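Colleague: Add chain E to chain C, keeping to what the hints say.
2 protein chains.
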Amino acid sequence: MGKYVVGIDFGTLSARALVAEVGTGRELASASMDYPHGVMDERLPDGTRLPPDWALQHPRDYLDCLADTIPRALDRAGVSAADVIGLGLDFTACTILPVDADGEPLCLNPELAGNPHAYVKLWKHHAAQDEANALNRIAEERGERFLARYGGKISSEWAIPKIWQTLDEAPEIYAAADKFIEAGDWVVRSLIGYEARSSCLAGYKAIWHKREGYPSSEFFAALDHRLKNVVDEKLSRDIRPVCTKAGELTESGARLTGLVPGTAVAVSGVDAHISLPPAGITEAGKMLMIMGTSTCHVMISDQERIVPGMCGVVEDGVIPGLMGYEAGQSCVGDHFNWFVETLFPAEYKDEAEKRGVSPFALLTEKAEKLKPGESGLLALDWWNGNRSVLVDVDLTGMMLGMTLLTKPEEIYRALIEATAYGTRVIIDTFEKHGVAIDGLYACGGIAQKDPFLMQVYADVTGREIRVARSAQAPALGSAMYGAVAAGAAKGGYDSIVDAAREMGGILDKVYVPSPAARAVYQELYDEYILLHDYFGRGGNDVMKRLKAIRKREIG
Amino acid sequence: MGKYVVGIDFGTLSARALVAEVGTGRELASASMDYPHGVMDERLPDGTRLPPDWALQHPRDYLDCLADTIPRALDRAGVSAADVIGLGLDFTACTILPVDADGEPLCLNPELAGNPHAYVKLWKHHAAQDEANALNRIAEERGERFLARYGGKISSEWAIPKIWQTLDEAPEIYAAADKFIEAGDWVVRSLIGYEARSSCLAGYKAIWHKREGYPSSEFFAALDHRLKNVVDEKLSRDIRPVCTKAGELTESGARLTGLVPGTAVAVSGVDAHISLPPAGITEAGKMLMIMGTSTCHVMISDQERIVPGMCGVVEDGVIPGLMGYEAGQSCVGDHFNWFVETLFPAEYKDEAEKRGVSPFALLTEKAEKLKPGESGLLALDWWNGNRSVLVDVDLTGMMLGMTLLTKPEEIYRALIEATAYGTRVIIDTFEKHGVAIDGLYACGGIAQKDPFLMQVYADVTGREIRVARSAQAPALGSAMYGAVAAGAAKGGYDSIVDAAREMGGILDKVYVPSPAARAVYQELYDEYILLHDYFGRGGNDVMKRLKAIRKREIG
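If you read the sequences in order, they're chains C and E.
Start counting the first sequence at 1; every next residue gets the next number (my numbering).
Start counting the second sequence at 1; every next residue gets the next number (my numbering).
Do not rely on the hints blindly, as some may be mistaken.
To be verified - When the alpha-carbon atoms are kept at most 27 Å apart in a straight line, the in silico DSS-like pairs for lysine-lysine are as follows: (1) K349/E <-> K349/C; (2) K366/E <-> K349/C; (3) K366/E <-> K432/E; (4) K369/E <-> K551/C; (5) K407/C <-> K547/E; (6) K547/C <-> K371/E.
Just so you know, these hints were derived from the structure itself, not from any lab.
Quantities reported herein were computed from a predicted structural model and do not represent experimental measurements.
Extracted from the complex, chain C is given alone in its bound form:
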């Protein structure tokens, strides 16, 4: 009888449980469930209105999803709970909530349930921008070294701005909170009965460093005197490396999940970072692109270097003992969706419907007949700002080269190429700052479904690209974390390296750059860089000025 592990991927709208076989990585079955409360961005459950830019969740949804999806996935897989040796989970982050001393979310306290700050602030809650701006200004004035590890800017999406916003706007909630905790860590706590906070969550989202710890209390006091001891009062200095065991299922955790008490539970991770082992990646020098509406670039290295414009570098952030780097493009699939939703012409829609193909398939079919350089178009992929390496949300899109003969598929291809150039900027920046990349991998929907795009990326980057075998890499990665938490003695693994070797892997298809295409794309990339620097590094701040005019005019 085989041994099995369960991985749960907590996404923005739903959670998915996957049952995988230890030793092979075979994915037996999965089950998913939408969060009953979804994303609360207009009202609380009691009808309380939320201001703009808010995005909350309800923590009970996470447990409800566990209770629903794990038994269903086991059932579909035909696997008995007794044969499940470990459980792991990944979560969106920073997705953070205030809890009381028993770990109960404050929003479950009827007296506090009408206060928005008592709920989970989802990663895309953007109402802490004022706090983030103040934090960055003060950190810069003080010359705080941690800024450089995060591309020079702490995002409003991260933990400290969100906690500070709570203090600013709802000091009673801040006071009532025994702790603020990432939702991933909170679910682990709910399963094992005590906290085992993740190095990945703390490192990328809460300015924690394995050797230097958190920012100093002087820094926090400079933000707000009441924050001086925020780490000791509201967070924790007890941070566990990922790919280790957090604890074992308690009786109540077992009742909730339908698993057996004592089942090993792993320290939680972030969806992007946990996707490396499923692609078989555990060594320094490899970069994985997690490609969807946006792209997250995660890479591991044995050196800590300061790379301008990355999102973060965290020791133990991805693989214990190695540096995990994160960078990103804030708009990838979103570009293509925007184009299809906004400018897909009626004639093409008719053709797609007649032939029973999707708009994307039709555009791809037409775009792949073009040669590199044939459209004469060049775009900057900044429809949603630029995350890496410019770290500037106020940049916007640009396209040039249009003529009266320009066709929709040429624009579509130019958007794809622009995102490929954006990825190459990230790769080149890492290498220029001493972080060598000797293997490029991809996972996520686009990587699995769009061979044309992947070939463009290979041609633009001049690198072979390998694609993770799993179509649900985060869930499989979570399951692999569970296998490591169980340990070899219980039929799992003693290290993520062993787990990745047996359970991870890539598809047979390797995207190999074509020398001819690569040569043309080198010319086009040189042009991209000229424009990237002109519009992105202060040569002409027209995009920001237009945004400011827009803001003023719409009032």
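Modeller: For chain E alone, coordinates are given in the frame of chain C:
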């Protein structure tokens, strides 16, 4: 009983005859006819294949159109030929043909009818680019002063490159030609029995200058020794000012047109330039925008100044005794057509069809709800290169400011605004170089039909704009030329100023700039200029490099 005049507007695809009343300018009736051979850009009538970039016409079509349209228009108007005192015509230019000593087109000679060079080379025949390039290079090397009068470049569309191409590729046709003549002048000759070449055609298209004449024979010899005496051998130095009488209808001219022998015939003009008198414009300091797929800016001044990037300045070119300046934007309505044909989304198409409105009406309705600056978009209107003031066909379109929320109507509005900025650049350049503009007028389809666009132009230029009353200004202008050719003694006018006062005029509606919109557009225009100069004046020649890459890759 009133007196009447007939004006004929020879366009690219058809000719239109208009009957107008002297004294009022009332347009009684018109009739039009498509050229039977249309534009020949693939084959001759005998099946001979044409190379790319060729565009020919058949001269018999012009006479057939006269014979068809004038009698029909008179009939519809209920006007007797005996009451028609004059006839005028305008033509596309440079639209040029070789003729024998009797004025017979060489293509009517059966022995030459299989030679493409024997036909009319239409204005948009673009196969003389090599000759134009060589001409410009040699003129520049020799420091020829005439270049400055034409924005520094002689177009491949104009007379000398087209004649030179004939010499290069078909010396037997060049030798057989007694003369090369503009089609407008040739039709006049066919009506009156002798040549009366137009100052407008010679000045704007054949490098003729009222005081300096043509370029020197040394210059022509430097092009090709066989061209040394091209002016005396193949053209004419006898050039007549516009707004004068060319002659009178011969018996055969009368038979052809159904008019009375002896009817006054005017020296011919160009459609754009002939449109000023119908708008009531005969004074220095007024600019008329003829707005259609492209826009032509014609203005009159009492001073000859060198304005960089204009298409030409010609004394007697528009109004006798005054300087006529021409400038242009090579893509105006064409931008909007491109957008609707290429990127008009299915959802909008459905809405337009359901509501029974055109795509343009729907886009306008949505676009005019936006405030200036609200879209955050800015475009360079170079989808078809830039005619004035950069004189560069290798420039291409650019747009920036796009976000994931950008809508089709915002793009549409940005394209309209871009063409308005382009017009303002032309106006500002004239004024900066000493040619004051104290009145701005418009005519053409867009000016008549698109009040939203006209308001944007008023707001962007900060000037009141008046619109010509006539919806067929070139044909009315031709008729007015006919009235001046007839003279006051015959019931017409002795000067175009008198004709314009009585027969020309504007609509009641005046577009007045809104101070608030003007202020925002000033900011946006400043941004436009930054980008205009960066991409158009050598700051970054990326558009040209992309075009070169494109050309190379499509082979």
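Colleague: Does each hint fit the structure? Answer for all of them.
Modeller: To see whether the hints hold, each was checked on the structure:
no.	hint	verdict
1	K349/E <-> K349/C	holds (11 Å)
2	K366/E <-> K349/C	holds (22 Å)
3	K366/E <-> K432/E	violated (36 Å)
4	K369/E <-> K551/C	holds (16 Å)
5	K407/C <-> K547/E	holds (16 Å)
6	K547/C <-> K371/E	holds (14 Å)
Hint 3 from the list above is the single one not met by this structure.
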